[in-house]
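Chains as they are written, first to last, in our numbering: chain A, 1 to 482; chain B, 1 to 95.
Simulated from the structure, these hints should not be mistaken for laboratory data. Every value quoted in this text rests on a predicted model; they were computed, and no experiment measured them. Hints may be right or wrong, so weigh each one.
[Claimed, not checked] Only pairs whose alpha carbons sit at most 20 angstroms apart, straight line, appear in this in silico SDA-like list of lysine to any residue:
#1 Lys-82/A with Leu-76/B
#2 Lys-82/A with Ala-50/A
#3 Lys-376/A with Val-72/B
#4 Lys-136/A with Arg-29/A
#5 Lys-325/A with Val-72/B
#6 Lys-91/A with Asp-81/B
[Said to hold, decoys possible] Computed beta-carbon distance windows for the label pairs:
#7 Val-60/B with Ala-54/A: 29 to 37 angstroms
#8 Glu-28/B with Ala-11/A: 51 to 59 angstroms
#9 Ala-45/A with Ser-52/B: 40 to 48 angstroms
#10 Pro-50/B with Lys-267/A: 28 to 36 angstroms
#11 Ser-35/B with Lys-36/A: 18 to 26 angstroms
Idealized CB from N, CA, C, for every residue including glycine.
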Amino acid sequence: MHGTIHELTAAYTRGETTPSRATDEYLARIAKLDDKVGAYLTVTAEPARAAARAADERYRAGRPLGPIDGAPIALKDVFCTKGVRTTCASKILENFVPPYDATVVDRLAKAGAIMLGKTNMDEFAMGSSTEHSALKVTRNPWDLARVPGGSSGGPAAAVAAGLAAGSLGTDTGGSIRQPAAFCGVVGLKPTYGRVSRFGLVAFASSLDHPGPFGLDVLDTSLLLGAIAGRDPLDATSIDAPVPDYAAGLEQGVRGLRLGVPDEYFTKGMDAEVEIAVRAAIDVLKGLGATLERVSLPATPHALATYYVIAPAEASSNLARYDGVKYGLRVPGHDLIDMESKTRAAGFGAEVRRRIMLGTYVLSAGYYDAYYGQAQKVRTLVRRDFDAAFGRVDLIVAPTTPNVPFKHGEKTDPVQMYLNDVFTIPADMAGVPGVSVPCGFTKTGLPIGLQIIGRALDEATVLRAARAYERATDWHTRRPALS
Amino acid sequence: MISREDVVHVARLARLALTDAELETIREQLNAILSHIDALRAVDTSGVEPTSHAVPQFNVMREDEPRPCFPVEEMLANAPDRAGDFFRVPRIIEE
């Protein structure tokens, strides 16, 4: 138990266990441990058992659907699931039952994955600690007093704690890579448009990236392969062939040029993070990669740019929660009164703050100074990556400037936002990035190495991550939970 | 600096019925956030095109063919209030 998807499916093939037995084991583990971790908002035990029985049949007949058939997985509660409540960890959607599946949910099901349930997150994916969930507290499996990161804290904690073999989250400003680093698992943010956003509850549409979590790079690659590709239901999804991400994983890093950006090693960062990440980069060098200093000079402006663009898009996207078509309604004496009372009651403090900020920066008189300017600075961030990728194949850096913090430790919104300084730029440029475990602090908290690549070059990102993983054993450590 | 009047105006645009205390807290927090964001104004962006999407796509077309729609009952299943096949809202037109 608490192994990888590829180990599990190999055991199915050898007849050592079955999807039903594995699913029951995961459900039992959830029943035993999730009171402590708090990863799940909804556990779908019966549909999971039914899906597992179907997978049993396929293995018995010697005809599994593919490499993740029978894998018990968890979904961030931001993905619409037909007939299964989808809350976005918000009171406004607490009882929302979608009439359709998100494309990624449909694709995972068609690949044979078994959904164990829906996991916690910061409300509407806005946050870096999962503390903004209106429904539940999620704890870091490595230290229950600490946060799992966010916004995809539930899916990251579920994988780290062995409450799912893999999971899906979304990354808008770092919401896959940061919790992956905090929970000591692998988390990949694909290229923008590589994975369909259809059926994903929208936060900031030009920045939202669905992507996988796994216990290792191979699992992460297998999950990406299952969900990637053009979707007619998402016009921004890219029409490019999906490579076999697992096939090229073992090619190593010899000859790859790695850029080490000056701007990602900053004064205020945690010393143990810097030491671990620099040591990880040396490991890659020892494996035959060449290192080069690069500069991404717009990095210091990326955070401010993000906190204009993302709230602006959110204020527009979240206008749909008006108490009319679905979700919470609080009565009012007229339509505007009803809407205003519904939204005030249904949205938590962080979501309201971002709606207010977004509405302000888009309002008459401020649009050009804030939103227009932010979109231009976003171009500068993209150009930085374009220039760097003219010289190097990958960029290697810390995923976060710090280690998991305690619940309630960061009460100032700006302090919370600073968590995402190293992850936001890749979202703004739309380029793929992965976080892989690269060490632990003296007190046993995980640290993540971030590897960023060219648009649509997930294969090289994953290959380098795999080379690092093979040379180290951080990814094989599991938190002690009982 | 964002004034009290600004916050009241923005809350109305955003359809958020906030209490006086909430408005004051948000005013202070928005000012703190905007003081960071204001650094953007000093960045030289002359001649720089804005980015709306990182991976630009243009004119994504599909065949203009009729396709099945979701059944009315399924679409109304989550409605807080309905009348027949319609969403019901508080009165917006004076009698």
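Violations among the numbered hints, reported as their numbers in ascending order | Violated hints (numbers, rising): 3 and 11; every other hint is consistent with the structure.
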